[in-house]
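Colleague: Whenever a hint applies, use it, and build me the whole structure from the sequences.
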Amino acid sequence: MTYELPDEMAELDEFRAHVRRWCADHVPADWRALQTAATDDEFVAFQKAWFAELHSAGFAVPHWPRQWGGGMSVGEQIVLYQELAAHDAPRLVLAFVGIHHAASTLLVAGSDAQRRRHLPAILDGEIWVQGFSEPEAGSDLASLRTSARRDGEQFVVNGQKLWASGGMHADWCLLLARTDPDAPKRKGISYFMMDMTSPGIDVRPIRNAVGDSHFCEVFLNDVVIPAENLVGAENAGWQVAQATLGAERGMTMLELAERLGNAGFRWLVEECGRPRPDGSRPLDDSSVRDTLARFETEISGLRGLCRNVVEGHDTGAGGPADPSIVKLFYSELLQRITDFGADIGGLAAHTVLTKPMSSGWESGAWVLDFIGSWEWTIPGGASEIQRTIIGERGLGLPREPVSS
Amino acid sequence: MTSEFAESHDELRAVARDLLGKAGSGVDWGHIADAGWIGLEIPEPLGGAGASFVESGLILEELGRAAATSRYLGAVLAVGALTALSPNASRDALLSDVGTGSVITALVTDSFRLERSADGVRLSGRAEFVPDAAGTDRVLVIADDDGVAVIVDACRLTVTEQPVLDQTRRLAVVAADGVELDEASVWQFDGDPAAAVQRLRDRAAVAVACDSLGLAEAMLAATVDYASVRHQFGRPIGSFQAVKHACADMLVHTSVARQLVGAAVSAVADGADASVATSMAKSYACGAAVDVVGKAMQLHGGIGYTWESGVHVYLKRAALNRSLFGSPASHRQRLAERYA
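Same order as they appear, the protein sequences are chains A and B. Numbering of the first sequence is given in the numbering used here, commencing with residue 1 and proceeding in unit increments. Numbering of the second sequence is given in the numbering used here, commencing with residue 1001 and proceeding in unit increments.
Where hints are given, some of them may not hold.
Label-pair ranges, simulated between beta-carbon atoms [as the list claims (entries may be wrong)]:
no.: 1; chain 1: A; residue 1: Asp339; chain 2: B; residue 2: Arg1116; range: 55 to 65 Å
no.: 2; chain 1: B; residue 1: Gln1162; chain 2: A; residue 2: Val27; range: 14 to 24 Å
no.: 3; chain 1: B; residue 1: Asp1270; chain 2: A; residue 2: Gly319; range: 55 to 65 Å
no.: 4; chain 1: A; residue 1: Met9; chain 2: B; residue 2: Asp1137; range: 42 to 52 Å
no.: 5; chain 1: A; residue 1: Gln239; chain 2: B; residue 2: Arg1017; range: 49 to 59 Å
no.: 6; chain 1: B; residue 1: Gln1162; chain 2: A; residue 2: Asn208; range: 56 to 66 Å
no.: 7; chain 1: B; residue 1: Asp1018; chain 2: A; residue 2: Asp182; range: 30 to 40 Å
no.: 8; chain 1: A; residue 1: Gln67; chain 2: B; residue 2: Asp1092; range: 55 to 65 Å
To give a feel for the contact side, a few chain A residues facing chain B, derived at Cβ under 8 Å [stated by the list, open to error]:
no.: 9; residue: Ala233
no.: 10; residue: Gly273
no.: 11; residue: Pro275
no.: 12; residue: Pro277
no.: 13; residue: Arg289
no.: 14; residue: Gly391
no.: 15; residue: Leu397
no.: 16; residue: Glu400
no.: 17; residue: Val402
Calculated from the structure, these hints are not laboratory results. Cβ coordinates follow ideal geometry from the N, Cα and C atoms, glycine included.
Modeller: What follows is the structure, encoded as structure tokens:
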């Protein structure tokens, strides 16, 4: 809990008014229509233009240190994301890995030269993809097999990465690869930045359950990475990944929770207010009203949790499992809400064949939103993994016996 | 939320845990009064601490954590009513005495009626499940005085204990059938009476939500302790995913409840309309607490079902809390009135 001094609160009020004015002037009124059934090229162009728009306002990387173009206080960032959500602004999808994960990795573990090379480039639109998961290394990421063999001042990489979101548009890849096959599995992994134009990289999109193809398989065949693109020490990649994996989560989760609490819940109530073929409205059914109130309450609790996490992260008061609690609760709440939307929407909801790109995870295309919700309960540490983390790190319960 | 007492919250909590830990389930009223808990919200000139409902909420949460038997809930609700009144000498005197613990009070939050005639003022009404009303010196009653809500400092009410399964709470039926009143015992609210009554009822609901939050956290902690030491199949049962994941869900639910209860306590303390935050906190925290304690009983296995383990004490209190001052469904109904 933070206790804001009156002048800080006044400054935040002023900042909020500034963001509101900016949103009123800059959020394109028709973006949802334009991004519905958009082609891949239209999506990429729109994402890049929106990123540039946010950047010119100083809103693209508020969480970065001031010297690199950020420097907003946590209080200001909360206000910024609350207002972007309240004005139903498009989401930054394509730039996501770059501004969050790549940047936090470089800031925590990168060299000065690496930061100077990439942080300004990210602001100019450099796109990043995460190359972590593999066919045999999902939840058990540390068992990854992609190898990077040192050859003088370079590494030669072979293997296969999976679930690399946005891989076909990426300029650079955050890559985890095994550099010491004989070491224990967490001690033989190194962290690289890989130029996606390097010879030997084959990116193949995978069509997902919703029908989109933003996930990719990335095949790596004798790809050469200069040793200067190693991040942190050789064989210390797992530790670098652990330090930066959840770094971006707090503010991202806050933005998603705010979206759910603004347009998301409003659309759900509107859906319930739409007359059925027989003229009756779901909203007049007391069980529907009860469920809506339950969701509104849970969303409110989620928003509180998210504020608590970002403020706790800022002051060092956060609990070790807080990010997992938020991720788990958000994922399953999103799934229950979109399920309810699909149920209430009935057969008509099944005729909504596309949802807008660049939107949040709930768009009002309820059946697609519902199917898409598994993209939250599975990746980024599946719900089962989150529960284990919460039990062990949050509650201190004994670990499972390790099988060798 | 701002509070000059913010820094001392940790200390207040630590003192409360210590005192309640030593006292076991029954806390001596004198100890509670000496600790200054009754007077937390009483203005300093009247001998209180001049703090807010945030601080009372903290004590309520700790009482729930200990599943303690005390008259604190009744006293907190009565203090809330008295501090909402226009100041007058007899109210000030009563507040002062309540703070020291020398006068024991409770509050009826259901509305009674005042009937005025040539031969004076009479009070009628009946309320069930009034916390801590039996054995008090004074029972305060919300009453309708020709369309205006007032607080009546009533004597000669019929107060009958109402046994419930939860043995840690004392509830009573309070009834008045044309009881004659002195005009001086009818007190006016300071400000809009209807809003003041709503605030008192919200306050009561949030007070119970605080209790449920505390007792749920206590049962989660007990379950984690037990699952860490109880061995089966050669390992602590807490190392099995089925048990660990159930505990993780308990933590998620209590964490969400803590956010909602914190927001509601702040809203009540701020004195603005707290109805939305109250209904969210009351419905969620009191519902989740029953789930959490139920899971605690399950994960304790056979021992958890025994009388001796005491888990049943928490389960009964959690279930009673859920029904006191509005069921989860009725609070959600209130929230849903805002959906067009």
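Colleague: For each hint, tell me whether it holds in the structure or not.
Modeller: Going down the list of hints, with the structure as the test:
1. Between A:Asp339 and B:Arg1116 the CB atoms are about 57 Å apart, so this pair conforms to the stated range of 55 to 65 Å.
2. Checked against the hint of 14 to 24 Å, the pair B:Gln1162 and A:Val27 fails, with Cβ atoms roughly 58 Å apart.
3. For B:Asp1270 paired with A:Gly319, a C-beta distance near 27 Å fails the hint of 55 to 65 Å.
4. Judged by the Cβ atoms, the range 42 to 52 Å given for A:Met9 and B:Asp1137 holds: they are separated by roughly 44 Å.
5. Checked against the hint of 49 to 59 Å, the pair A:Gln239 and B:Arg1017 fails, with Cβ atoms roughly 38 Å apart.
6. The beta-carbon spacing between B:Gln1162 and A:Asn208, approximately 59 Å, falls within the hinted interval of 56 to 66 Å.
7. Judged by the Cβ atoms, the range 30 to 40 Å given for B:Asp1018 and A:Asp182 is violated: they are separated by roughly 54 Å.
8. Checking the proposed 55 to 65 Å range against A:Gln67 and B:Asp1092 shows it holds: the Cβ atoms sit about 60 Å from each other.
9. For A:Ala233, the suggested interface contact is broken, since its CB lies about 33 Å from the closest CB of chain B, more than 8 Å.
10. Interface hint status for A:Gly273: upheld, as the beta-carbon distance to the closest one in chain B is roughly 7 Å, under 8 Å.
11. Here the hint on A:Pro275 is broken, as its CB sits about 14 Å from the closest CB of chain B, past 8 Å.
12. A hinted interface residue such as A:Pro277 counts as satisfied when its beta carbon comes closer than 8 Å to some beta carbon of chain B; here the least separation is about 21 Å, so the hint is violated.
13. The beta carbon of A:Arg289 is positioned within 8 Å of a beta carbon in chain B (closest approach about 4 Å), and the interface hint is therefore held.
14. Interface hint status for A:Gly391: upheld, as the beta-carbon distance to the closest one in chain B is roughly 4 Å, under 8 Å.
15. Of the supplied interface hints, the one on A:Leu397 holds, with its beta-carbon coming within about 4 Å of a beta-carbon of chain B, less than 8 Å.
16. This hint holds: A:Glu400 has a C-beta 5 Å from the nearest C-beta of chain B, less than the 8 Å allowed.
17. This hint is violated: A:Val402 has a C-beta 11 Å from the nearest C-beta of chain B, more than the 8 Å allowed.
Comparing the model with each earlier hint shows violations of hints 2, 3, 5, 7, 9, 11, 12, 17; every other hint is respected.
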